[in-house]
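**Student:** The primary structure of each chain is shown beneath.
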Amino acid sequence: MRKPVLALVAALALLLGSGGQVRAQEEAKQQEAKHPPHQKWSFEGVFGTYDRAALQRGFQVYSGVCAACHAVKHLYFRDLAELGYSEEAVKGMASQVQVTDGPNEQGEMFQRPGRPSDPMPRPFANDQAARAANNGALPPDLSLITKAREGGSDYIYALLTGFKDAPQGFKINPNMYYNEYFSGHQIAMPPPLNADQVKYADGAPSTVPQMANDVVTFLSWAAEPNLEQRHRIGFKVILFLLIATGVFYAGKRKIWSRIEH
Amino acid sequence: MADVTQSPVMPGHGGETRRDFLILTGAALGGVGAAIAAWPLIDSLNPARDTLALSTTEVDLSPVQAGQRLTVVWRGKPVFIDHRTPEEIKAAQEVDASTLRDPQKDADRVKKPEWLVMVGVCTHLGCIPLGNKPGDDRGSFGGWFCPCHGSVYDTSGRIRQGPAPFNLVVPPYEFTSDTAIKIG
Amino acid sequence: MAVPSHPAPSAGPRNRILRWIDYRLPFWEVVQHDFMEYPAPRNLNYWWNFGSLAGIILVIMIATGVVLAMHYQPNADLAFDSVERIMRDVNYGWLLRYIHANGASMFFLIVYIHLFRGLYYGSYKYPRELLWMLGVVILLLMMATAFMGYVLPWGQMSYWAATVITNLFSAIPVVGNDIVTLLWGGFTVGNPTLNRFFSLHYLLPFVIVAVVLLHLLALHQHGSNNPLGIDKRGPQDAITFHPYYTIKDMFGLCVFLLVFAIFVFYLPNQLGHPDNYIPANPMVTPNHIVPEWYFLPYYAILRSVPNKLLGVILMFGAVLILFLLPWLDTSRVRSARYRPIYRLVSWLLPIDAVILGYVGSQPPAGYIVTMGQLATIYYFFHFLILLPILGKIERPLPLPLSIAEAVLGPRRPAAAGEGE
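Residue numbers (the working numbering), protein chains in the order written: chain A, 64 to 324; chain B, 55 to 238; chain C, 65 to 484.
Pulled out of the complex, with its shape left as it was, chain A reads as follows:
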């Protein structure tokens, strides 16, 4: 039994070791983006939770900066109650926007103030309008962005803080910006975060790293709002299963003790 296991381990070691070699080859060829460094997130790990203050600040950053171009179509105003806002506050925020509704009895569409049951407003009516307003580039919806990118939250944070001047000799195309972490290094989005851009309601200093951290926390929540419930239930389920495994193992030993085996 040992020899085949050793062979398997050796094969796996070979594979894992050669992974780095393949990546190096690719990087040389395609100017692959830098690997995003790991950030410490309040929601990482088995016992992580979303920092509510960061979520609210992050929502402020989204609304004030990102919402001009990026939709979050899967979020509804009622979801904001999760961030710690009261029912009144949520109703208030919803009623700030005008929503198209109808048709009325005359057959016409009309505008009405938003309600908690409405989705967050979209900056553009459709993809074509979005492209037309952004030199042909389409700002992606951000509802799932931290799950839809390799590197997840770390990558989005790195991207937001990774804008730099293009290095010597690097040809930047018109309407593009140099980013260390974006594949190909040219991204159509201008650097979105600048120091003191947003006045935080809780008075925290709005440095670029702070805003990036907060908005990525918010976006991580937007992509996975049920993370805390999932971890809570998971802990109980695994505890239950550990006990059950113990009981059934003891039962198995007991029952098999009757016969020779």
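Read the hints as simulated data drawn from the structure, not as lab findings.
Bear in mind the structure is a predicted one, so any value in this text is a computation, not a measurement.
We put the CB at the ideal spot given by N, CA and C, even for glycine.
One should not assume that every hint holds.
Between beta-carbon pairs, the in silico distance windows are [stated by the list, open to error]:
id, chain 1, residue 1, chain 2, residue 2, range
1, A, Glu-145, B, Lys-236, 31 to 39 angstroms
2, A, Arg-175, B, Val-223, 46 to 54 angstroms
3, A, Glu-171, C, Asp-145, 24 to 32 angstroms
Below, simulated SDA-like cross-link-like pairs (lysine to any residue); rule was C-alpha separation at most 20 angstroms, straight line [as the list claims (entries may be wrong)]:
id, chain 1, residue 1, chain 2, residue 2
4, A, Lys-154, B, Leu-115
5, A, Lys-154, B, Ala-107
6, A, Lys-317, B, Gly-80
7, A, Lys-262, A, Ala-152
8, A, Lys-317, B, Asp-74
9, A, Lys-136, C, Phe-327
10, B, Lys-144, B, Gly-121
11, A, Lys-299, C, Phe-327
12, A, Lys-154, B, Phe-229
13, B, Lys-187, A, Glu-168
14, B, Lys-131, B, Pro-225
15, A, Lys-210, C, Asn-333
16, A, Lys-317, C, Met-100
17, A, Lys-97, C, Pro-427
18, A, Lys-154, B, Thr-111
19, A, Lys-136, C, Tyr-136
20, B, Lys-236, A, Val-153
21, A, Lys-136, C, His-135
22, A, Lys-103, A, Asp-217
Could you slot chains B and C onto chain A? The hints should help.
**Tutor:** Same frame as chain A, but now just chains B and C:
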């Protein structure tokens, strides 16, 4: 059984008791586990959060004059809102409730007498009664008339004639201000 | 003769209702005969747990799938959003979705281990050839089900995997393109494709259930194989399935559920691909189209061959060759325990599969291509050349006289309470 090894009888009671305990614990764990596992499957059939978000409707009553009636949608069904005139209120209050098929006093069906709020679905077989639009037939009691099978409701929405068994249902609602209600 | 500590089982059900049913439909009789009292070899090891695990995960997949189908919308414009609604708004929807998605991975992991158990211990050999072949049918049905299931969320990978795999059929000479158009229901993968995939994805698992029942029927003809690979000689070689293997299976189930729970609750997207959280866009191809991990080896074989038709043939052939296994392997001895060369060589196949899997996950460039070609060659070499020759030239170790002797030691006077 002829083709398996028979297990020997265990000497003493200690072994059997421990075995029974383990079997009982195991069965209990299995049962609890199955119930816990079944619950999400069942609960997922309950109304989802987006459905629940649409479970209340807020209505601004200020544009509704006395004598006017308004229809709003609540949980997918029509709700009749009637800004009753003093004559309609008097007619509703003067009826002796004990003579009705579904005895109910008018005072038990309204929070403010000038506002009547009811689900506009006939309690017979579910049609939407006439009477809420100007020009509609209101039936002989000045309330509502269901064209499907002829049920007639009075100015308190109570069944007076025809096959419907119950009065028009009053949904849960509350006044959020003097001129607005929240239904549901 | 031992005195059983409970009433003789063959006396019939104890309760009147069960007796009434049994007289008309032999429900309890079948439960007793094929489950409780069923004679199983006394020496089965934990590799034998994986069959029952596969059955249980099938039930879990059907239960979660049926409930998910109550919320899912099989329309190209609505599908992605309906899955997000399940994840966000449906009570425990996230749990059902993660169980279903990770359950598919677990199902393949279990079945691959179950399959390797069969390879190692010769469970496919006489008289279990049909049992084995039914198993391969189940594997093929699982692959079809999983492929179509992955398309349903209508993410980027869903759409493009569907495009790549359905396009393969155009390799068929003469009628290839017409077949692809028929599969698509249009000129590209689109809404008609999604609708029919949903219908078939719902149907196929029930076909799998039927084949599983046939698989169990075939199993019960001659009973389970065992690690020694020798037949039962007498009653001392077997024990009743209940309680010995029921409790052992329960224990194994708990261990499996622990692994499953870790994925579902803490690493739910580990085995998936981020691109599938991007809604399908027919105008944009992802940088690297990759299938789920359990298809990677076959994907690698497909890409290893420069010729399109040959690549398709070899990819399907890699599964279909399993049907021939009972006849390719010429060894008279079942279990690798008594085959000193095969005992080591058999591991080359899973190692080769892991290598192929790695190759399938990488862009086909540089030394990856050569690695894939060599691994593909080895795969077919293993089945078509190695196994037939090995059976002929290998000198097996002497087999034990019986299972009981191997387990209990050489014959000694029957102890009080031992079987007849």
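**Student:** Each hint: holds or not?
**Tutor:** Here is how each hint holds up against the structure:
In this structure, Glu-145 of chain A and Lys-236 of chain B break the distance hint of 31 to 39 angstroms, their C-beta atoms being roughly 22 angstroms apart. Judged by the Cβ atoms, the range 46 to 54 angstroms given for Arg-175 of chain A and Val-223 of chain B is violated: they are separated by roughly 27 angstroms. At roughly 27 angstroms, the beta-carbon separation of Glu-171 of chain A and Asp-145 of chain C lies within the given 24 to 32 angstroms, and the hint holds. Among the hinted pairs, Lys-154 of chain A with Leu-115 of chain B is consistent with the structure: their alpha-carbon atoms are about 19 angstroms apart, no more than 20 angstroms.
Our distance criterion of 20 angstroms between C-alpha atoms is met by Lys-154 of chain A and Ala-107 of chain B, whose separation comes to about 12 angstroms. Distance check on the hinted pair: Lys-317 of chain A and Gly-80 of chain B sit about 12 angstroms apart at the alpha-carbon level, within 20 angstroms; holds. Between Lys-262 of chain A and Ala-152 of chain A the alpha-carbon distance is near 18 angstroms, which keeps this suggested pair within the 20 angstroms criterion. A hinted pair counts as satisfied when its Cα atoms are at most 20 angstroms apart, and Lys-317 of chain A with Asp-74 of chain B qualifies at roughly 10 angstroms.
Distance hint between Lys-136 of chain A and Phe-327 of chain C is unfulfilled; the C-alpha atoms sit about 28 angstroms from each other, more than 20 angstroms. For a cut-off of 20 angstroms, the pair hint linking Lys-144 of chain B to Gly-121 of chain B stands: about 13 angstroms separates their Cα positions. Taking the CA atoms of Lys-299 of chain A and Phe-327 of chain C, the gap is near 14 angstroms; set against the 20 angstroms cutoff, the hint holds. Restraint check for Lys-154 of chain A and Phe-229 of chain B: satisfied, since their Cα atoms lie roughly 17 angstroms apart, inside the 20 angstroms limit.
A hinted pair counts as satisfied when its Cα atoms are at most 20 angstroms apart, and Lys-187 of chain B with Glu-168 of chain A qualifies at roughly 12 angstroms. Proposed proximity of Lys-131 of chain B and Pro-225 of chain B is supported: the alpha carbons are some 11 angstroms apart, at most 20 angstroms. Taken as a hint, the Lys-210 of chain A and Asn-333 of chain C pair is honoured in the structure, with Cα atoms around 8 angstroms apart against an allowance of 20 angstroms. Between Lys-317 of chain A and Met-100 of chain C the CA atoms are separated by roughly 18 angstroms; this keeps the pair inside 20 angstroms, and the hint holds.
Under the criterion of a C-alpha separation no larger than 20 angstroms, the hint pairing Lys-97 of chain A with Pro-427 of chain C is consistent with the structure, at around 19 angstroms. With a C-alpha separation of about 13 angstroms, the suggested pairing of Lys-154 of chain A with Thr-111 of chain B holds against the 20 angstroms cut-off. For a cut-off of 20 angstroms, the pair hint linking Lys-136 of chain A to Tyr-136 of chain C stands: about 18 angstroms separates their Cα positions. Between Lys-236 of chain B and Val-153 of chain A the CA atoms are separated by roughly 16 angstroms; this keeps the pair inside 20 angstroms, and the hint holds.
Taking the CA atoms of Lys-136 of chain A and His-135 of chain C, the gap is about 19 angstroms. The hint holds against a cut of 20 angstroms. Taken as a hint, the Lys-103 of chain A and Asp-217 of chain A pair is honoured in the structure, with Cα atoms around 9 angstroms apart against an allowance of 20 angstroms.
When the structure is compared with the earlier hints, violations turn up for hints 1, 2 and 9 and for no others.
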